[in-house]
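Engineer: Listed below are the residues making up each chain.
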Amino acid sequence: MAGFLIKRLLQAIFVVIAITLLVSFAIRLTGDPAVMMFQGGGSMTEDDLARIRTALGTDQPFLVQYFSFLKGLLTLNFGRSFTGSTPVSQLIANALPATLLLAFISMVVSIAISIPLGIKAATARGKAADQIIRVLSLLGLSFPNFWLALMMVLLFSITLGWLPPSGMVGISSYVMPAVTMGVILTATNVRLVRTAMLETLQSQYIMVARAKGLSEIKVLYKHALRNCAIPLITYFGIQFGGLLGGIVVIERVFNWPGLGTLAFDAVGARDYPVLQGVITVLALFIVGVNLLVDIAYGLVDPRIRTE
Amino acid sequence: MKRMKWGLKIALTALVMSSVAITAAPAFAAGKLTVSSSQDPGSWDPIDTFLVAWAAVSTNIFDGLTYRGPDLKLVPGLAESWEELDQGKRIRFKLRHNVKFHDGEPFNAEAVKFTFDRLLGEQGAKGPQRSNYTAIESIDIIDDYTVDMKLKTPDPVLLTKLAGYGAMIVPPKYIKEKGEDYFNLNPVGTGAFKFVSYTPKVNIKLDANPDYWGGAPKLSELEYRFISEPATAVAELQAGRVDIVIPPTIPIGMLPVIQGDSKLEIASVPGPTVDSLRFNTRDGITADPRVRKAIIMAVDRDTIVKSILAGQGTEIVSFQNSLSFGYDADLKPLPYDPAGAKKLLAEAGVKPGAALQIDIRGNDATMNEVAQVVASYLQMVGLTATIKPYETNVLLNDIIPQGKTGAMFQQKWGGWTFDYDNTAYSMYHSGEKWNPYEKDAALDKLLESQRPLTDRAEREKVLKEIGKYVADKALELPLYNSNAIYGVSKRVKGFVPAPDTRIKLNEVTVD
Numbered sequence: 579m580a581g582f583l584i585k586r587l588l589q590a591i592f593v594v595i596a597i598t599l600l601v602s603f604a605i606r607l608t609g610d611p612a613v614m615m616f617q618g619g620g621s622m623t624e625d626d627l628a629r630i631r632t633a634l635g636t637d638q639p640f641l642v643q644y645f646s647f648l649k650g651l652l653t654l655n656f657g658r659s660f661t662g663s664t665p666v667s668q669l670i671a672n673a674l675p676a677t678l679l680l681a682f683i684s685m686v687v688s689i690a691i692s693i694p695l696g697i698k699a700a701t702a703r704g705k706a707a708d709q710i711i712r713v714l715s716l717l718g719l720s721f722p723n724f725w726l727a728l729m730m731v732l733l734f735s736i737t738l739g740w741l742p743p744s745g746m747v748g749i750s751s752y753v754m755p756a757v758t759m760g761v762i763l764t765a766t767n768v769r770l771v772r773t774a775m776l777e778t779l780q781s782q783y784i785m786v787a788r789a790k791g792l793s794e795i796k797v798l799y800k801h802a803l804r805n806c807a808i809p810l811i812t813y814f815g816i817q818f819g820g821l822l823g824g825i826v827v828i829e830r831v832f833n834w835p836g837l838g839t840l841a842f843d844a845v846g847a848r849d850y851p852v853l854q855g856v857i858t859v860l861a862l863f864i865v866g867v868n869l870l871v872d873i874a875y876g877l878v879d880p881r882i883r884t885e
Numbered sequence: 075m076k077r078m079k080w081g082l083k084i085a086l087t088a089l090v091m092s093s094v095a096i097t098a099a100p101a102f103a104a105g106k107l108t109v110s111s112s113q114d115p116g117s118w119d120p121i122d123t124f125l126v127a128w129a130a131v132s133t134n135i136f137d138g139l140t141y142r143g144p145d146l147k148l149v150p151g152l153a154e155s156w157e158e159l160d161q162g163k164r165i166r167f168k169l170r171h172n173v174k175f176h177d178g179e180p181f182n183a184e185a186v187k188f189t190f191d192r193l194l195g196e197q198g199a200k201g202p203q204r205s206n207y208t209a210i211e212s213i214d215i216i217d218d219y220t221v222d223m224k225l226k227t228p229d230p231v232l233l234t235k236l237a238g239y240g241a242m243i244v245p246p247k248y249i250k251e252k253g254e255d256y257f258n259l260n261p262v263g264t265g266a267f268k269f270v271s272y273t274p275k276v277n278i279k280l281d282a283n284p285d286y287w288g289g290a291p292k293l294s295e296l297e298y299r300f301i302s303e304p305a306t307a308v309a310e311l312q313a314g315r316v317d318i319v320i321p322p323t324i325p326i327g328m329l330p331v332i333q334g335d336s337k338l339e340i341a342s343v344p345g346p347t348v349d350s351l352r353f354n355t356r357d358g359i360t361a362d363p364r365v366r367k368a369i370i371m372a373v374d375r376d377t378i379v380k381s382i383l384a385g386q387g388t389e390i391v392s393f394q395n396s397l398s399f400g401y402d403a404d405l406k407p408l409p410y411d412p413a414g415a416k417k418l419l420a421e422a423g424v425k426p427g428a429a430l431q432i433d434i435r436g437n438d439a440t441m442n443e444v445a446q447v448v449a450s451y452l453q454m455v456g457l458t459a460t461i462k463p464y465e466t467n468v469l470l471n472d473i474i475p476q477g478k479t480g481a482m483f484q485q486k487w488g489g490w491t492f493d494y495d496n497t498a499y500s501m502y503h504s505g506e507k508w509n510p511y512e513k514d515a516a517l518d519k520l521l522e523s524q525r526p527l528t529d530r531a532e533r534e535k536v537l538k539e540i541g542k543y544v545a546d547k548a549l550e551l552p553l554y555n556s557n558a559i560y561g562v563s564k565r566v567k568g569f570v571p572a573p574d575t576r577i578k579l580n581e582v583t584v585d
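Taken in order, these protein sequences are the chains called W and U. Here this note's numbering is used: the first residue of the first sequence is 579, the next is one more, and so on. Here this note's numbering is used: the first residue of the second sequence is 75, the next is one more, and so on.
The following block holds chain U by itself, in its conformation from the complex (with noise of 0.2 Å):
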């Protein structure tokens, strides 16, 4: 008898306290941050993805040689100082000392000549990320805290490259000894936060990095889950169960649910991504430069911005945001002027009633409105369109390259670099994917002159050169530079909202 009433308490002291285990369950242990991010990239590795949804995790894990944070601001990184040599050929890095990675090896020159011979090398031949990176020729060691960066021409933008992506720095023992294969799935950088655990289409944990360079992140841990569906992400957000929904996650449609909430906040930057309607200068009436003009005058683009981006996105001049160097504040745009629409669409000789075709990206839920709302302005003034809607992969693999689309097509760009160099060649010089209609030689010109110059105030000059030229000619109809949306829980403090989503986290406490 004894027995079973000693056998009975210790049975309900253990249902007691697993109820209260199940109960309690706190949302968070002290110190934890929880991320909610669309994408998961499948590989930590930096040489193989562009995908924003890497960089917003894998900025804690690794750094470059230089940082550029939320004000984009080129600061140091690993490299304390770093002087431009024979003509901007070639640079020599002071590295930091006292840096050790997640696994401790020691940062030193070893390391960076190994990230770069890798990256040019074999495994970076299996990667998008070597594309951006082709300027550099070689890594030459000096000692074990300099190295020279051998440049086969100068490239201006190169240093805010080295900030991100596949410049990072990699360990070179981990790697060797481990294995690529082992390092895509367990990363090990120099970073704030240490890696823990990854479980793919779930999650990737992280632990705090105490050693760090820049100082101990103030948080302890720091998970980031990977969902995709933007009314999940935000009921996750609404539950308490996710702290910070990072971009492109919140479509402008739930910023009220989210407003409306007094546990959560929205914090908004202007991003890099901007749309354009670009035009067909090949088939049918867009052709004329006077109809595409005539288009760009029906369009009022400032009360597009105004009512269907909320305020969260800004008007555009040319293909580039008010960020991106070669930004030119003074050109300006055509104006919203429907009169002189109709009277350039008369000149031209264009039937009242004429038919033209919009593709866009059928997932794209604010083009969509977008374009739905162009479509009424060009009605307004005798046009008729219909709006395409085309699967991403079709539209960017199948459409646009090859030369099929309607008379105006979405282009969407987003460049992290934030320079017009990086957007404008790719869009308008001839042979390039993205441009499949226009052959222009003076065009052609501009572009490439750019490219090599070092004088910064020398090649902002030829960029706006370029904006004025490409608007001169209305090869597209500029929309928008949409707002890199955060979803914040008032919890979270110290939270500086980065424009590339390239998010750095040991600043942040939460209550």
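Pulled out of the complex, with its shape left as it was, chain W reads as follows (with noise of 0.2 Å):
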């Protein structure tokens, strides 16, 4: 165990080094933080943004750059924004909870109705049951996540007053994200339930369940489900991993303070520390999540356990 756990830290620090190095350097490409700081008027002159470059630290080599970011991150220290130089762990801390909670209600919803409603499809395959909710799996996927999330808005906060339209205010600002957000996931994992179920109902031992006279819902729930519970595990784990970074046109539409808009924010201001630093913690999370799902395994399957 201590072998397995040892090389997947490895593996998680030569993730974590790749990506930041691919992304910090395409970020300085193109553009200028030290240009956009002068965006709202004002001459500009070759010394002033030579200043402002230094007191940066754009100035420098990329590589030197970059092996003083990996430094910081030794002590934790991302460093600071180039907008108002608030500490980027402050940001990020901020932000993170935010994004996460938001990530966490949405798979919980969408997992919730996926389940049910595949087996459902599965076991009715082919009859009107499955056919609808196939469709309406089609037009989850169809409709655009900010399309349907303006269309709420106007229904809920214009119309009807019930719901805040943007902001984390409250328990109730969670309700019409969370729901944009867990439709779409929903619309893909009530198919893919659907097609581990389906597969899984082939199996033998199910004729012989069946013959043994235990009821449907044990059949299903407690042997069917158990069977293809890995593949399934497997994806909802790579998709959380997703969703923390995929959330963005969520978190702008319902002006969600989370991971997706500060890193948003930050390409657009080429904000290279915050970044930098969302980019890490976002991929130090997704290394964690699927060592998670690998461990869940062991606990689903015991064959593996013996491994």
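I should point out that these hints are in silico values taken from the structure, not numbers from a laboratory. We treat Cβ as the ideally placed atom computed from N, Cα and C, and that holds for glycine. Honestly, I wouldn't trust all of these hints.
Stated by the list, open to error - Between beta-carbon pairs, the in silico distance windows are:
#, chain 1, residue 1, chain 2, residue 2, range
1, U, 411, W, 631, 45 to 51 Å
2, U, 294, W, 738, 25 to 31 Å
3, W, 603, U, 146, 44 to 50 Å
4, W, 749, U, 199, 45 to 51 Å
5, U, 405, W, 740, 51 to 57 Å
6, W, 671, U, 525, 45 to 51 Å
Stated by the list, open to error - Non-contacting residues of chain U with respect to chain W, defined by C-beta distances greater than 10 Å in every case (computed):
#, residue
7, 174
8, 184
9, 342
10, 426
11, 443
As the list claims (entries may be wrong) - Not close to chain U: a few residues of chain W, all C-beta gaps over 12 Å, as computed:
#, residue
12, 586
13, 594
14, 710
The task is to assemble the complex, starting from two chains supplied on their own in separate frames and drawing on the hints.
Structural biologist: Right, here's the structure in full:
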């Protein structure tokens, strides 16, 4: 077990370095944060720009900048934002819970809906219920998520006045973002569950279980679901990782102060420390989630545990 | 049994009270105003930023020696009076008495000296504001309420620049005790509202300062929320959770939504931002001034402003708006004359179907539409235009300064000082970042000559000459001056829209 963890730790470090190196390099290819600072007006001379670049540290060669970033990582110091010199760790500490909470609630909503629906579609294969569920899933995949978000805001905030249109301002503000995210996730996951269940339901032991006279619920949830859990867990795990970064559009529409907004603004302003910090944290999270998924395998499938 | 009943009663009461608290949810306490701003400047220190979004908030937290309100008139601020000595190389300010910073320390000559030493010194070197105040050499304290500002060269725009941004007065004791980092996130000034809390990317909250020297504000609380997505900001306005949306959030396409809502209204004034399509005078067909003039004549700028901008802008003839110092009302634009344009093009030997590229900022919704209309006008005189949208940062840093643009490229400028000098020098002087193609010694001399002039009439004359020179040489296709558009809830009373977004809200009330 220890060897396994050490191997995974080394992999994690390698992944983080590869990704941050790539991103840090790419964002420096165009644009200049010093020029962005003068956008509001006022003449800027080359001297002024040089002065700002020295203050920001962007006049150093790329590798020097990158290594000082790595050095900072060792002490969990991500540097300061170019926009206002707030410590990046503080910005991330504010934004991370917001994104995690939204991602987590969206996943829970999606799993809670897609498992029963997927199972229903699998067992009712070819019949009306299956058709309806598959069409709904297609609709969910086809709607652009920002359109859905705006429609919900129009209905629930402006017309009815039940929910706040944006911001992370209390429990009611979680509803629309989580539902919007949840709908899209569910649309994908329903099909996944259905496919996984279909395969499992073909197996011999299912026939045996039914022949034994077990209730259908027991057959489906205790036996079939447990057996197709592995591909599902893998996929949900990867999906969660992807959610963390890909939630940008929802965060913008709902003004959700999460990592997506932070990264998006940082790219536009060429705020290197913030972007590097966010990418590092995201990479670590995704690697961590994948690790948890692998451990979960062992729990779900006794055969893997003995390896 | 009695205990249970009692316990039940308490629980029920608590439930009812909490549900009342949740459902009652009054949107605002009496006297609270909520403003939506599109950007979070990240730091509230006056020397750190040029962002308009900073000034929209900080005009309520800090004051300058002078003050310039929505009417653009310069009046006393923290300085009651001033006089120019030594041919404009020294300005003596008499400071206001009995003014305190929000932390209790007194405002006096010490604070003024500290502010400018800091701006021009090490701290200021890290930020962009300093370059606006390089005319200042030092501050000398004459007595507790008198300071002399020594200048390296007379700067005619200086008094205006003292009204905002980097020159706003900061508290010496507070900064020395708490440190720079703390001051960035917990600002203290002499203004009408004092800082309460700041959550990055979410909001900043202010409370009224009842001891404000300009009179206690009529509001009790002020909150600015940072909402960058226009649709979201307008939704908040419609839902009644935000009272004012400040520029540049509202795009022209959303105006009917606000105008159609009986609880909302639009307050719109000409802003400082001007847009034009500058010519590449070095490469291709636009190197010929006849071609440039033909292009200007081929485009009906008036119709563009009336239809695409829905009247929320004005046509410009030079790269400034009508409120700017140096504006020449007598300068006439080239007429809209497609036939004349075709003739000029033929004269210059341009074949029908000649191609040219127009570079614009990709995220500028208005310019995207305008550019397409310009392209169709050009089509009508036989020029085939393609539009190339760029990410703003790339356009500003990699494309324009390095002279890699197409035949025409978008220039957008918004100087809060409303002074043509600020703009013209950066746009037309050789070697400036925004002028990669022109090297005109005569124009350079004109631009340099007006900088030190303190006689307003003389300066105005030279600035007008510059405007005419640029128009004669057809260095650009001047397009429009956009309005500063505010979306306001009708519950707000006494709000005066500021052209430069530097809104001071101490006279505003809410129903």
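Engineer: Each of the hints needs a verdict: does it hold here or not?
Structural biologist: Results of checking the hints against the structure:
1. U:411 / W:631: 45 to 51 Å: 47 Å, holds
2. U:294 / W:738: 25 to 31 Å: 30 Å, holds
3. W:603 / U:146: 44 to 50 Å: 47 Å, holds
4. W:749 / U:199: 45 to 51 Å: At roughly 47 Å between Cβ atoms, residue 199 (chain U) and residue 749 (chain W) fall inside 45 to 51 Å, so the hint holds.
5. U:405 / W:740: 51 to 57 Å: About 56 Å separates the Cβ atoms of residue 405 (chain U) and residue 740 (chain W), which means 51 to 57 Å holds.
6. W:671 / U:525: 45 to 51 Å: 47 Å, holds
7. 174: For residue 174 (chain U), whose nearest Cβ neighbour in chain W is about 27 Å away, the distance exceeds 10 Å, so it holds.
8. 184: Answer for residue 184 (chain U): holds, closest chain W Cβ roughly 26 Å.
9. 342: Non-interface label stands for residue 342 (chain U): nearest chain W Cβ at 21 Å, farther than 10 Å.
10. 426: Residue 426 (chain U) is indeed farther than 10 Å from all Cβ atoms of chain W, at 36 Å.
11. 443: About 21 Å separates residue 443 (chain U) from the closest Cβ of chain W, which puts it past 10 Å; holds.
12. 586: 33 Å, holds
13. 594: 25 Å, holds
14. 710: 32 Å, holds
This entry satisfies every hint, going by the numbered hints stated previously.
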